[in-house]
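Participant: Please put together the full structure from these sequences, using the hints given.
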Amino acid sequence: MEAVAGGGAQGGPAGGSKKDSLQKKKKKKEKLQRYWDGASQLDTAAAAPPRAKKRRNEKTKPGAGAKGSLGARRRKQVSGAKGWISGKKDPFPGAAPIPCHKVKKFQRGQKSQPAEASSRRLRERLVSLEQKVELAAQQAARMELMLPEEPGFLEGDSDEDTCTIPQADIAEAVDIASAAKHFELTLSQFGPYRVDYTRPGRHLLLGGRRGHVAALDWQTKSLLCEINVMETVTDLTWLHTETMFAVAQRHWLFVYDNQGVELNCLKRFNGVLRMEFLPYHFLLATASETGFLQYLDISVGKEVAAICTRGGRLGVMGQNPANAIVHLGHSNGTVTLWSPNVKEPLVRMLCHHGGVRAVAVDSSGTHMATSGLDRKLRVYDLRTYRPLHSLVLPVGAGHLAFSQRGLLGAACGNVVQVYRDVAVQPPHKPYLSHTLPRAAHGLRFCPFEDVLGVGHGHGFTSLLVPGAGEANFDALENNPFRSRKQRQEWEVKALLEKIPSELITLDPGQLGQVDAITLEQKRQERVERLGFDPQAKPAFQPRRRLKGRSSAGSVLRRKKKVANEEQRIKIRKSLEQPQMGAREPKAAPQGQRSVLDRFKK
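Residue 195 in the UniProt record's numbering sits at position 195 of the sequence shown, with consecutive numbering throughout.
Just so you know, these hints were derived from the structure itself, not from any lab.
Don't take each hint at face value.
Keeping only pairs whose Cα atoms sit at most 20 Å apart, straight-line, the calculated EDC-like set for lysine to aspartate or glutamate is [what the hints assert, rightly or not]:
no., residue 1, residue 2
1, LYS343, GLU289
2, LYS498, ASP474
3, LYS221, ASP257
4, LYS105, GLU149
5, LYS493, ASP474
6, LYS493, ASP507
7, LYS343, GLU276
Facilitator: Here it is in structure tokens:
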């Protein structure tokens, strides 16, 4: 017994050392915690109630199987997920708010009223559609805040006017790539020149009056083709891509490719003076010296319409980019708006007391600028067809052009002036001004670039106009840096999405509305085909009464009573309306009055 006691006494410290080593191992295991679940686990452990221990022999409750264990596991994950986020709570949860004016910029038309829908399914579809439209507008406004480029304008010192700043100073102040966009081509032998840019703004087309035609990449200064047609060139324009362009020569209209090879000669289009290409309809609109406005569908090579305007020689032409309406200026001071579907002008506006010299419409399609022989520059609102501002120029503008951001370029002889915010306030002074060696003959702003191309009698001049072009472009619509494969894919897609010429109207929003006249015609045709109107109001049928009150005589009396009541209402309405042929009593003519007239009855 003593030995056992002694052994127990000796084994006491040994047992204690084993316990200490186990406690140290437990402490080491507790210290091996990650930084993101340190404080959170302590908080959750303190907040959570003590967990009841489950005995081995304890049976589970009936109905608590795999589903119950799965639900408990999910609740455990959700409760433990709070500890996974490190740091404080986000003081601004959710997406950043978007200003209302940014969202309003991308909203189109009026919202539909789902409450007025006739069926529940239609009401649900309208609600879903409105939610998608609102989401699209919000996403577009949110992406606009992430655009890489920002537009800007030229700002002078406190006592400096921007129109006095020469092009040399602007080119010296900007970066090297932008300064290279200001250049001048001396071509005095075949001038004056007409100019045109492609829709992406990468390529330039020059056409001299004496037959010189050249196409080039104006940014890299690489020449695509250069030919001499040996005839007078009145106008030229690019077609849907930079691989084709049309040239209006002395007699007929010719189409060339980017290598200068003649593709087609259109002899039906003779004496063409001005041309405009409608990109979404693949239509080439031409105005001739004989007073004809003709449309050519270049996708099929077919003449869509030939309209005699009866306005004399058509030397002034412009297009509305918003609805593809062609604007023509006439010598009697009027501007007419044309569509290929109507043989008469849609609108005729008297803009000047003399002949019209130039017409231009901005990219939004809401404002039009005109200049005439009366030396006035006028800006009109095309929504009301009323003038907004008027400005008298010393010489008068012979050519007008709008930029993508609303700047108005006017060529007054050999002086080119650019006006800013012409739709907001009267243009008292120009934004920029530049003097050319000869009189200007063509004026175009380059898309997506702060560049104004001017063709004159001495060649071509590229001017820097800060704030003229859009700072960001849609690569799926107009990509200046697209490859050959991308251009081919875009061309196929554009042909598939081509808009028919029959849809050209003044108000494109009418295309989405219900044609009530057509519905009425269909209803009348159905009535004639069936012999009765299925939507007509049914005849009055008295309900059946008991106790002998539904005899034939009583039913007939009730029908007559209702018919007489309807006839009585019609007569009452007709009496309330004033009769057209009724004569009003005329007052007796008053002769010379005297003092004794007061006693007359």
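Participant: All the hints need checking, so say for each whether the structure fits it.
Facilitator: Hints, one by one, checked against the model:
Annotation: proposed proximity of LYS343 to GLU289 holds, straight-line Cα distance about 18 Å (limit 20 Å). Between the alpha carbons of LYS498 and ASP474 the distance comes to roughly 19 Å, so the proposed pair stays at or under 20 Å and holds. Restraint check: the Cα-Cα separation between LYS221 and ASP257 comes to about 19 Å, which is no more than 20 Å; the hinted pair holds. At most 20 Å may separate the alpha-carbon atoms for a hinted pair to count; LYS105 and GLU149 meet this at roughly 18 Å.
Taking the CA atoms of LYS493 and ASP474, the gap is about 15 Å. The hint holds against a cut of 20 Å. For the proposed pair LYS493 and ASP507, the alpha carbon gap of about 25 Å is over 20 Å, so the pair is violated. Distance check on the hinted pair: LYS343 and GLU276 sit about 19 Å apart at the alpha-carbon level, within 20 Å; holds.
Violated hint: 6 only; the structure is consistent with all others.
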